[in-house]
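Student: With the hints as your guide, set chain B onto chain A.
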Amino acid sequence: GAVVSQHPSWVICKSGTSVKIECRSLDFQATTMFWYRQFPKQSLMLMATSNEGSKATYEQGVEKDKFLINHASLTLSTLTVTSAHPEDSSFYICSARDSVSLTDTQYFGPGTRLTVL
Amino acid sequence: GQQVMQIPQYQHVQEGEDFTTYCNSSTTLSNIQWYKQRPGGHPVFLIQLVKSGEVKKQKRLTFQFGEAKKNSSLHITATQTTDVGTYFCAGTFGNEKLTFGTGTRLTIIP
Chain A
146 GAVVSQHPSW VICKSGTSVK IECRSLDFQA TTMFWYRQFP KQSLMLMATS NEGSKATYEQ
206 GVEKDKFLIN HASLTLSTLT VTSAHPEDSS FYICSARDSV SLTDTQYFGP GTRLTVL
Chain B
454 GQQVMQIPQY QHVQEGEDFT TYCNSSTTLS NIQWYKQRPG GHPVFLIQLV KSGEVKKQKR
514 LTFQFGEAKK NSSLHITATQ TTDVGTYFCA GTFGNEKLTF GTGTRLTIIP
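So the protein lines, in turn, are chains A and B. Going left to right, the first sequence walks through residues 146 to 262 as my numbering numbers them. Going left to right, the second sequence walks through residues 454 to 563 as my numbering numbers them.
Calculated directly from the structure, the hints in this document are not laboratory data. Treat the hints with care, as some may be off.
[What the hints assert, rightly or not] Mimicking EDC-like on lysine to aspartate or glutamate, the simulated pairs with C-alpha atoms at most 20 Å apart in a straight line are:
| no. | chain 1 | residue 1 | chain 2 | residue 2 |
| --- | --- | --- | --- | --- |
| 1 | A | Lys209 | A | Glu197 |
| 2 | B | Lys510 | B | Asp471 |
| 3 | B | Lys550 | A | Asp243 |
| 4 | B | Lys550 | A | Glu197 |
| 5 | A | Lys159 | A | Glu204 |
| 6 | A | Lys200 | A | Asp243 |
| 7 | B | Lys489 | B | Glu520 |
| 8 | B | Lys489 | B | Glu470 |
| 9 | B | Lys550 | A | Glu232 |
| 10 | A | Lys209 | A | Glu232 |
| 11 | B | Lys510 | B | Glu549 |
| 12 | A | Lys165 | A | Glu208 |
| 13 | B | Lys509 | B | Glu520 |
| 14 | A | Lys186 | B | Glu549 |
| 15 | A | Lys200 | B | Glu549 |
| 16 | A | Lys211 | A | Glu232 |
| 17 | B | Lys550 | A | Glu208 |
| 18 | B | Lys509 | B | Glu468 |
Here chain A stands alone, though its shape is the one from the complex (with noise of 0.2 Å):
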């Protein structure tokens, strides 16, 4: 089945520092990758959606400038928290959906915990 990795799938730093997440998609080409922000206890939910070559698509009440998102080949996306603070401690998660499948099926990766000190 298709596969989404993440690197790293934790970190910790500290607060003022920048963050990059890397999330590739191992056997299928994505042309459209997703990034998701889950608190504790809580559920998904899209920050923004990837788009190969082009900008990303925010969501209403994410910061564009604080979350920087680059889809530079078809199977890279990386999600960059500029400055992170405490309150940006989450899980984020990333999805990629298969560019020639005919479905809506994403594909999730594995997750990566921050943790902002």
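Tutor: Below, chain B without anything else, positioned relative to chain A:
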């Protein structure tokens, strides 16, 4: 905006009992997907329903999509300890974006 609600928020059942979670949307869904997330893990895709009134089964799991395509349910027969986790429905509204439901956390009493 478009929201997807799930009930109940929590469910504790004795092992062997049945479990059902319900998903409701105020507007018509294009399709509905169901995911399971184990504690500390990520969502794992279970199934997608597209047609009005559709019913699909996976072993002890039965998924239904309402006739009006505004609600869905997941029923687990004879729960086992491996069923522990949070079950999310997620719907699309005419585009590729998934809107996740609030989730139902299932715990099993052995």
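Student: Are the hints correct? Go through all of them and say.
Tutor: For each hint, the structure was consulted:
no., hint, in the structure
1, A/Lys209 x A/Glu197, "17 Å, holds"
2, B/Lys510 x B/Asp471, "15 Å, holds"
3, B/Lys550 x A/Asp243, "14 Å, holds"
4, B/Lys550 x A/Glu197, "16 Å, holds"
5, A/Lys159 x A/Glu204, "26 Å, violated"
6, A/Lys200 x A/Asp243, "19 Å, holds"
7, B/Lys489 x B/Glu520, "24 Å, violated"
8, B/Lys489 x B/Glu470, "19 Å, holds"
9, B/Lys550 x A/Glu232, "25 Å, violated"
10, A/Lys209 x A/Glu232, "16 Å, holds"
11, B/Lys510 x B/Glu549, "25 Å, violated"
12, A/Lys165 x A/Glu208, "16 Å, holds"
13, B/Lys509 x B/Glu520, "14 Å, holds"
14, A/Lys186 x B/Glu549, "25 Å, violated"
15, A/Lys200 x B/Glu549, "17 Å, holds"
16, A/Lys211 x A/Glu232, "13 Å, holds"
17, B/Lys550 x A/Glu208, "18 Å, holds"
18, B/Lys509 x B/Glu468, "23 Å, violated"
Violation of the numbered hints given earlier is confined to hints 5, 7, 9, 11, 14, 18; the remaining hints are satisfied by the structure.
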